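Read left to right, the sequence shown gives residues -14 to 328 (the numbering used here).
Incorrect hints may have been included.
As the list claims (entries may be wrong) - Taking lysine-lysine pairs in the BS3-like style, the calculated list, with each CA pair at most 25 Å apart, reads: (1) Lys(-9) with Lys220; (2) Lys167 with Lys(-9); (3) Lys(-5) with Lys161; (4) Lys(-5) with Lys243; (5) Lys156 with Lys(-8); (6) Lys244 with Lys(-5); (7) Lys167 with Lys156; (8) Lys220 with Lys167; (9) Lys243 with Lys161; (10) Lys156 with Lys(-9).
In short, the hints are calculated from the structure, not lab data.
These numbers come from a predicted model, not from an experiment.
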Amino acid sequence: MKASDKKRLKRADIELTLLGMGTAPLGGLYAPVPLADARAALQAAWDAGIRHFDAAPMYGLGRSEHLVGELLREADRDSFCLSTKVGRLMSFDRPGRTLPPEPPKNEFDSGWHNGLPFREVFDYSYDAILRSYDDSCQRTGLGRLDVLFVHDIGRVTHGELHDHHWAALTKGGGFKALQELKAAGLIAGFGLGVNEWQVIRDAMGEADLDICLLAGRYTLLDGDAAETFLPLALKRDVDLVIGGVFNSGILASSSGRKKFNYVDAPAEVLARVERLEAVCRDFGVALPAAAIQYPLRHPAVTNVVIGAKTAAQVQQNVAWFEQPIPEALWERLESDGQIPALG
């Protein structure tokens, strides 16, 4: 399996490489990223054959879209897939306009160390989706985008405000705007980009989704979606992009970060990681390689998106993605009950 191998979406006329590059780290997630390092990381991904790049206005408050646009503007427009997101507008206070108060911070908010001087404003309405599309085209310098993900809709992010934002998306024309963009050929497809599969299930009842990005919910440590949501996505021909395969870093290295889904990993999770590592050692496989490749075993999954801050990290991710893994390793993990068996 090569990072540059491609798979065509079922409901949208576009191909994705099996490995995509996430650009949240380039926005300064957790730590600043020098401009030269960010550019080198993107170039390393391109040189490795990666042709799917995933950005968002949120990442660095616009920085990631500017950076990825620098690279992609020089390429043949039909040679890559750029996915970005809607649901957050970048804005600032000025005379005649006062932004709403910032929402309360939670464990997912870490700030952007290289962020541009803007504020994010949640808005999932018809007009906001169209404005977000225009803004992303201007930041990237591209005349059209490929895939739009509705970003962080759901109760995990919005809590008691979820119903308000859901109404804007469903009754306020948010989905209608996405459908119009697709019908006009301005995007190939759309869906949700979230950390909870339940809201994707709900959205399937409101719109014909093409592709969705699900972060951290189909991994070696979190298989909750395997028996519930993934079969539904497969039945509905909704392609899935899986992000967060390291669950905030704990699966990336035994000596690395001890974070699990953005918070300190509990003892139970640490013990599970040790058991996973033991099986991987028996087969001579790096745990991060197993973590990256695991989601693609399921037929509902189209590709995996991994972020990186440097060219070296990109090259390491590609090496893990392409490391041969014997089927016997997966069979052992299934028989041990560490991962759910494929149907």
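Outcome of the hint check:
Between Lys(-9) and Lys220, the direct Cα distance comes to roughly 21 Å. Compliance with the 25 Å bound is thereby established for this hinted pair. Restraint check: the Cα-Cα separation between Lys167 and Lys(-9) comes to about 22 Å, which is no more than 25 Å; the hinted pair holds. A threshold of 25 Å between alpha carbons decides the hint, and for Lys(-5) with Lys161 the separation of about 21 Å falls inside it, so the pair holds. Annotation: proposed proximity of Lys(-5) to Lys243 is violated, straight-line Cα distance about 37 Å (limit 25 Å).
Distance check on the hinted pair: Lys156 and Lys(-8) sit about 34 Å apart at the alpha-carbon level, beyond 25 Å; violated. The straight-line distance between the Cα atoms of Lys244 and Lys(-5) is roughly 35 Å, outside the 25 Å bound, and the hint therefore fails. Of the pairs offered as hints, the one joining Lys167 and Lys156 holds, with about 19 Å between alpha carbons and a cut-off of 25 Å not exceeded. Under the criterion of a C-alpha separation no larger than 25 Å, the hint pairing Lys220 with Lys167 is consistent with the structure, at around 22 Å.
Distance hint between Lys243 and Lys161 is unfulfilled; the C-alpha atoms sit about 42 Å from each other, more than 25 Å. Pair hint Lys156 plus Lys(-9) does not hold up; C-alpha atoms about 36 Å apart against a cutoff of 25 Å.
Comparing the model with each earlier hint shows violations of hints 4, 5, 6, 9, 10; every other hint is respected.
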